[in-house]
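If you're matching them up, the sequences are chains A and B in order.
The first sequence begins at 1 in the numbering used here and counts up by one.
The second sequence begins at 1 in the numbering used here and counts up by one.
If you're looking for bench data, these hints aren't it; they were derived computationally from the structure.
Check each hint, because a few of them may be wrong.
Which copy? The list can't say, so a pair holds if one copy fits it or any two copies do.
Unchecked claim - Straight line, CA to CA, 30 Å or less: simulated BS3-like cross-link-like pairs of lysine-lysine:
(1) K406 / K294
(2) K23 / K294
(3) K294 / K19
(4) K23 / K406
(5) K19 / K406
There are 2 protein chains.
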Amino acid sequence: MGVTDFFDPDGIAVIGASKTPGKLGNDAMTNIQSYDGNVYPVNPSSSGSVYGYEFVESVHDVDADLALCCVPSPVVPEVLEECGEAGIGAAVIFAGGFAEVDEDGQELEDEIVRIGEEYDMTILGPNTAGYCLPDLDLYGSFVPEIRDVETGNVAFLAQSGGIGITSAFQLDREEYGLSAMFGLGNRANTGFAELIPVLDDDPQTDAIALHIEGTNDIDAVLEVCREAETPIVAYKAGSEELSDFVGSHTGAPIQARTTYEDALDGEGVVFVSSVTELIDVSRVIADTPTPAGKNVGLVTAQAGPGIVIADELNERGAVFPDLEQETQDRIDELLQGITYTENPVDTGRPLPEFGQVIDAVARDDTIDIVIVYEIYEDSLGYPVDELETLAEEVDKPIVFTVAGPKSFEDERLQMEDAGIPTFQAPERGANAVGGLIDSITDDV
Amino acid sequence: MGVTDFFDPDGIAVIGASKTPGKLGNDAMTNIQSYDGNVYPVNPSSSGSVYGYEFVESVHDVDADLALCCVPSPVVPEVLEECGEAGIGAAVIFAGGFAEVDEDGQELEDEIVRIGEEYDMTILGPNTAGYCLPDLDLYGSFVPEIRDVETGNVAFLAQSGGIGITSAFQLDREEYGLSAMFGLGNRANTGFAELIPVLDDDPQTDAIALHIEGTNDIDAVLEVCREAETPIVAYKAGSEELSDFVGSHTGAPIQARTTYEDALDGEGVVFVSSVTELIDVSRVIADTPTPAGKNVGLVTAQAGPGIVIADELNERGAVFPDLEQETQDRIDELLQGITYTENPVDTGRPLPEFGQVIDAVARDDTIDIVIVYEIYEDSLGYPVDELETLAEEVDKPIVFTVAGPKSFEDERLQMEDAGIPTFQAPERGANAVGGLIDSITDDV
């Protein structure tokens, strides 16, 4: 019983399940269908079946560890009490109308916290879009088409379910997935402090992304962040100027971004400043080894975007050291004096030798991180063959920043498969590498 | 004769045209095929035809205004001289190896400047990926698949052809187009000062996006920026720390970003800090009316992303004024006390009434700019019908920030057609509105 019931429930009760399309209890049933386990639509006023599952009258009639509660806020305490009696270990409460609204709502929330305590029940929400574990085909959410989101190696813990869902769909649109997404909502009794340790132990998760608005027990959150071995990337939203609006959301206390940054300085938690950066930095940290230092080798097929990347990385504290003589000789031979053969290396245009130039820079012992820029050209493509084993062999981050027509998609994904994260705009590649630089702690 | 020959050439000579796939002279022929006008592949050592166009021996044998020079740098002066003799008014020189390389290259470039002067010939480049005018199906570039890029209302003038191409492909991937893209390269005799006035007069162009590394006659550039009536958005790359690398690119002098910002302060030129922002701010400025002030009405269906947007806009100087009593009453009636009905307005979830809430806020006289956030849900969709005529009726910018599964694409594009620019990440919507705020000058 408890938080682990979210991860491997023997049975799932959908309370307030509905046959009517567009209703929350129907959307939740649509999503839960893909789960390979027992699912019980619970609704005393419905009969027959929904998506092939027979309706049951009460949660007492089912054998389930997890409940998805699709009922309005006034009914939640009663429903939750029944869940507790029926031995449910974990519940998701989608409804809003609790501590984020007013004092009555606060009382309602206090009541469900009490019920949770009485029955030792882990409660996600209230006021959440739910969660998903694509690897288990488990989509405990009412958000339509969230099942499109595939499996990956980054876990998202979002104080706002909306940010969790937004990130999940953005990952999906860009052809990535995630290991887990939890929208925390009001955090009745389950928040960052409870979920980070579980995700830290999850073999599927190589990086944990946090969206934080404000937390009640900040010390507990900081403590689990410090203790986690899995890298953490955090985005703190909700500034003091917006206190009314933020408070009305998930009942979050107003905390400055610096409160978290200062407390976790040097602890290996990387802070970012946008949702896209949260996605990009988490991906690159999940997919590549921790760099040994800030020495960046930049290889670009087009100087202009290379300058944009170098500019940005320069501001982020990257160093562009001279390449070793052996590397310089190898590049000179490959490029025969074309354009700029120092670091950054500019090949002037993608050439058949482009992959070999990347190889040379990546094998240079002074280089800790390699970032590449190339506009895709059909006749040359990306140097997929040359890169296939390179990232593994050199055991350092290689990041590819790409541009090109839609037809380049296949080869881009082949690079991803070779352990080389790809980013689709110059500043996105630069920010990802900036995140890698920020992830370096003194004890590397 | 002159710069206008880029826009409406009677005939185009492709010098160094080739039958061999992968060769620059072949790639240029592939792209120029779509042009509805006479095209002449010029190559004394080739016979027969390429893509249905008969090879000719010399540029003297053709009737053309424009030449695409696909020859290596040492041959360029000779080729250009012949173009001048043959009455060509404008030439694109793709080859690198000029002022950006060394003193010999500088001499070569001086020579082509001299030839340009002698024959009153406008030269794009050298060291450029070329240009394109999708509305005329005119793609004067060697970059494969650049023909995918469709027509739009933003013109890109990029000092680096690579940035121009990168931007063009990013616009294409996100289902937008452009009115023109020019990669300036070394700017032998054609740069910002020559092209901005022409694009300012172009009825197809509603905003001009500039990528600047450094310019030799900065006063001339500043002057045309000040005089242009079309809004200008500028991204200055190439910091002083990278002087060697920048200089090796397009021979650009090193100039601080502030040189441009300070000189154009209050002149209506908006400065941005990334390629994606250059695209997004140019789009929103091209597609929406100039706002009358900084009063932003934010309507969000999910509070979390709304907070992210409000945070960002707060930093950018946006004001979130109270809504008029009439508007508040209308929203209260629509939402019946759901969540936060002040400004920002949070509807808690997308509702059937979502479009009416946007309508109410947009018609509020205290509001100058409307920004909306909504995660797409299939059963509700986007409020396309309600928004269809709204942007035109209220004559103020309405910006939609979207998230959702891939299936939302159709309705997103319908909103674009209704004059409502859409952005696919919270910070992208916020940055676009930030650009609108920056575009407000005192004389609005």
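Each hint, compared with the structure:
For a Cα distance limit of 30 Å, the shortest separation of K406 from K294 qualifies neither inside one copy, at 33 Å, nor across copies, at 37 Å. For the homomeric pair K23 and K294, neither the shortest alpha-carbon distance inside one copy (52 Å) nor that between copies (38 Å) is at most 30 Å. Taking the shortest alpha-carbon separations for K294 and K19, neither the intra-copy value of 57 Å nor the inter-copy value of 46 Å comes in at or below 30 Å. In the homo-oligomer, the alpha carbons of K23 and K406 lie at most 30 Å apart only across protomers (22 Å), although the nearest pairing inside one protomer, at 37 Å, exceeds that limit.
Taking CA atoms no more than 30 Å apart as the test, K19 paired with K406 passes between copies only; the shortest distance there is 25 Å, against 40 Å inside one copy.
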